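Student: In order, the protein sequence lines correspond to chains F and A. According to the numbering used here, the first sequence is numbered sequentially starting from 1. According to the numbering used here, the second sequence is numbered sequentially starting from 1001.
Calculated directly from the structure, the hints in this document are not laboratory data. The model shown is predicted, which means the values in this text are computed figures rather than measured ones.
Derived, one-sided and incomplete: chain A residues facing chain F with beta-carbon distance under 7 Å:
| hint | residue |
| --- | --- |
| 1 | K1042 |
| 2 | V1043 |
| 3 | F1045 |
| 4 | S1048 |
| 5 | E1056 |
| 6 | Y1100 |
| 7 | P1102 |
| 8 | F1105 |
| 9 | G1106 |
| 10 | D1107 |
| 11 | G1108 |
Here are the simulated SDA-like pairs of lysine to any residue, each with C-alpha atoms no more than 25 Å apart in a straight line:
| hint | chain 1 | residue 1 | chain 2 | residue 2 |
| --- | --- | --- | --- | --- |
| 12 | A | K1042 | F | N24 |
| 13 | A | K1078 | A | I1038 |
| 14 | F | K41 | A | S1073 |
| 15 | F | K3 | F | G96 |
| 16 | A | K1042 | F | L71 |
| 17 | A | K1042 | F | L11 |
| 18 | F | K3 | F | Q37 |
| 19 | F | K41 | A | E1003 |
| 20 | A | K1078 | A | R1022 |
| 21 | A | K1057 | F | S42 |
| 22 | F | K3 | A | K1042 |
| 23 | A | K1042 | F | L50 |
| 24 | F | K3 | F | K68 |
| 25 | F | K3 | F | R70 |
| 26 | A | K1057 | A | G1098 |
| 27 | F | K68 | F | S29 |
| 28 | F | K56 | F | N97 |
| 29 | F | K3 | A | S1055 |
Ideal Cβ positions, reconstructed from N, Cα and C, are used throughout, including at glycine.
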Amino acid sequence: ELKVEQNPLFLSMQEGKNYTIYCNYSTTSDRLYWYRQDPGKSLESLFVLLSNGAVKQEGRLMASLDTKARLSTLHITAAVHDLSATYFCAVTNNAGNMLTFGGGTRLMVKP
Amino acid sequence: EPEVTQTPSHQVTQMGQEVILRCVPISNHLYFYWYRQILGQKVEFLVSFYNNEISEKSEIFDDQFSVERPDGSNFTLKIRSTKLEDSAMYFCASSEAGTYQPQHFGDGTRLSIL
Chain F
1 ELKVEQNPLF LSMQEGKNYT IYCNYSTTSD RLYWYRQDPG KSLESLFVLL SNGAVKQEGR
61 LMASLDTKAR LSTLHITAAV HDLSATYFCA VTNNAGNMLT FGGGTRLMVK P
Chain A
1001 EPEVTQTPSH QVTQMGQEVI LRCVPISNHL YFYWYRQILG QKVEFLVSFY NNEISEKSEI
1061 FDDQFSVERP DGSNFTLKIR STKLEDSAMY FCASSEAGTY QPQHFGDGTR LSIL
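Start from the sequences, fold in the hints, and give me the full structure.
Tutor: Laid out in structure tokens, this is it:
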């Protein structure tokens, strides 16, 4: 059974600071996704990571994938209040498109 | 930008009643999905649908659940006899053809079972 663990579950940080969210998964997978969810809203696709060593950046967010360690990171650079949301990583089983989600990291950026 | 739309946004139903949740996926997408998120918990996969049939389903998706694509645009999730534990946010998603395409999610339907 594929398991996906995120940490931390909750992160409160000051604007301007850097931090990293970690996503570990239990079995091999060829696809890892990061999503953002605002309260009461849908899941917005942020990144798709497909290969070992993949790195993608969008604004203040950078995601990376290490398939050997079964680890993905989401790095936040110089956080701003608008980044406050819950961030989920999700992994597919190699056979299909079923997404298994981590528990989410609730990020709160304080002015 | 095209988006997945879901109706209703909130559904309140008595336990034991049938409920149908509706979704309009993005028009050129070929894969359709339902997920649910119980309040405060992680998002859980229910079912995926491709080429007019179920391609994958989870243990949650038991005989009480069914999906249908009744026409060229709608994708529905039916729960035959709702239970209290079915209370959750239900998300529909769709994706383009191709294994690595991201799934695009709707805003969800909050289902409350009384």
